[in-house]
Amino acid sequence: GAGVSQSPSNKVTEKGKDVELRCDPISGHTALYWYRQSLGQGLEFLIYFQGNSAPDKSGLPSDRFSAERTGGSVSTLTIQRTQQEDSAVYLCASSFFFSTGGYEQYFGPGTRLTVT
Amino acid sequence: AQSVAQPEDQVNVAEGNPLTVKCTYSVSGNPYLFWYVQYPNRGLQFLLKYITGDNLVKGSYGFEAEFNKSQTSFHLKKPSALVSDSALYFCAVRENSGYSTLTFGKGTMLLVSP
Numbered sequence: 001g002a003g004v005s006q007s008p009s010n011k012v013t014e015k016g017k018d019v020e021l022r023c024d025p026i027s028g029h030t031a032l033y034w035y036r037q038s039l040g041q042g043l044e045f046l047i048y049f050q051g052n053s054a055p056d057k058s059g060l061p062s063d064r065f066s067a068e069r070t071g072g073s074v075s076t077l078t079i080q081r082t083q084q085e086d087s088a089v090y091l092c093a094s095s096f097f098f099s100t101g102g103y104e105q106y107f108g109p110g111t112r113l114t115v116t
Numbered sequence: 001a002q003s004v005a006q007p008e009d010q011v012n013v014a015e016g017n018p019l020t021v022k023c024t025y026s027v028s029g030n031p032y033l034f035w036y037v038q039y040p041n042r043g044l045q046f047l048l049k050y051i052t053g054d055n056l057v058k059g060s061y062g063f064e065a066e067f068n069k070s071q072t073s074f075h076l077k078k079p080s081a082l083v084s085d086s087a088l089y090f091c092a093v094r095e096n097s098g099y100s101t102l103t104f105g106k107g108t109m110l111l112v113s114p
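Protein chains in written order, with our numbering: chain L, 1 to 116; chain B, 1 to 114.
Keep in mind the hints are simulated off the structure, nothing from the lab. Treat the hints loosely; a few may be bogus.
[What the hints assert, rightly or not] Just so you have them, the derived chain B footprint on chain L, three or more residues with Cβ under 8 Å: (1) 45-58; (2) 104-114.
[Stated by the list, open to error] Each computed DSBU-like pair below joins lysine-lysine, with the alpha-carbon atoms no more than 35 Å apart: (3) K77(B) - K58(B); (4) K15(L) - K106(B); (5) K77(B) - K17(L); (6) K11(L) - K49(B); (7) K49(B) - K57(L); (8) K49(B) - K22(B); (9) K106(B) - K17(L); (10) K106(B) - K49(B); (11) K106(B) - K22(B); (12) K58(B) - K69(B); (13) K57(L) - K22(B); (14) K77(B) - K22(B); (15) K57(L) - K69(B); (16) K22(B) - K58(B); (17) K15(L) - K69(B); (18) K11(L) - K57(L); (19) K106(B) - K69(B); (20) K11(L) - K106(B); (21) K69(B) - K22(B); (22) K69(B) - K49(B); (23) K77(B) - K106(B); (24) K15(L) - K57(L); (25) K77(B) - K49(B); (26) K57(L) - K17(L); (27) K58(B) - K106(B).
Just so you know, even glycine gets a beta-carbon here, dropped at the ideal spot from N, CA and C.
Chain L with its partners taken away, still in its complex shape (with noise of 0.2 Å):
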């Protein structure tokens, strides 16, 4: 089946504009995760969803940043007023139950950001 899918896969945006990163899990995952990757570093891990519910966001860098996930299926990520620090790409997993099972997760593409 259809793995997990991320758009746009690139995004060029000017300093202080609004974004919306999209990703369509694996269908039938009910938990689906947003991470970070910045150059040289490792996943930064910032939201979770257990179906439309978003029971930690600790991981959010700031309050300029969101997330949203409708029908238990797709998911957005907002960034607003956008930096030059928040260039990284922004990867999307989905997998199923969370809280228990040793269920690994699937991961897309990724959508690579570049705030000019």
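Start from chain L and add chain B according to the hints.
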């Protein structure tokens, strides 16, 4: 708090030789452990995981990893490296009870020379 350490930023090995990519972890309880691989300009691909049972776990592309509870390690191994194995490898951990997200290490770049 849980954490993962990948002590080597880069591992160099000649094709045909065995390879090891090191990972140590810290969790309050028992761990779920994972290895992922990232090829250039690609997302992460799942390689293998330890949940319970045998300490030696076999995964994709001939990779295996050994869970060592006393040393809190989960090193990735392959008996004979291929040039195509060159990529960025991430180890990840989460506690196997209650609520916790996956914590990833910073990654180890594996370079296999012909």
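Hinted pair K77(B) and K22(B), Cα distance within 35 Å: Distance of about 9 Å is within 35 Å: holds.
Restraint check for K106(B) with K22(B), where alpha carbons must lie at most 35 Å apart: It holds: about 12 Å lies between the C-alpha atoms, which stays within 35 Å.
Holds or violated: K58(B) to K106(B), with C-alpha atoms at most 35 Å apart: 23 Å, holds
Agreement of K77(B) and K49(B) with the hint, judged by alpha carbon distance not exceeding 35 Å: 13 Å, holds
Agreement of K11(L) and K57(L) with the hint, judged by alpha carbon distance not exceeding 35 Å: 24 Å, holds
Distance restraint between K69(B) and K49(B), which requires alpha-carbon spacing of 35 Å or less: 15 Å, holds
Outcome, coverage of the segment 104-114 of chain L by chain B - at least 3 residues whose beta-carbon is closer than 8 Å to one in that chain: holds (count 7)
Pairwise hint evaluation, K57(L) against K15(L), where the allowed Cα distance is 35 Å at most: Distance ~24 Å between K15(L) and K57(L) Cα, so the pair holds.
Holds or violated: K106(B) to K49(B), with C-alpha atoms at most 35 Å apart: Holds, at about 18 Å.
Given hint K22(B) paired with K57(L) - CA-CA distance at most 35 Å: 30 Å, holds
Pair hint K77(B) and K106(B), alpha-carbon separation not exceeding 35 Å: 18 Å, holds
Agreement of K106(B) and K69(B) with the hint, judged by alpha carbon distance not exceeding 35 Å: 21 Å, holds
Hints 5 and 17 from the list above are not met by this structure, while the remaining hints are.
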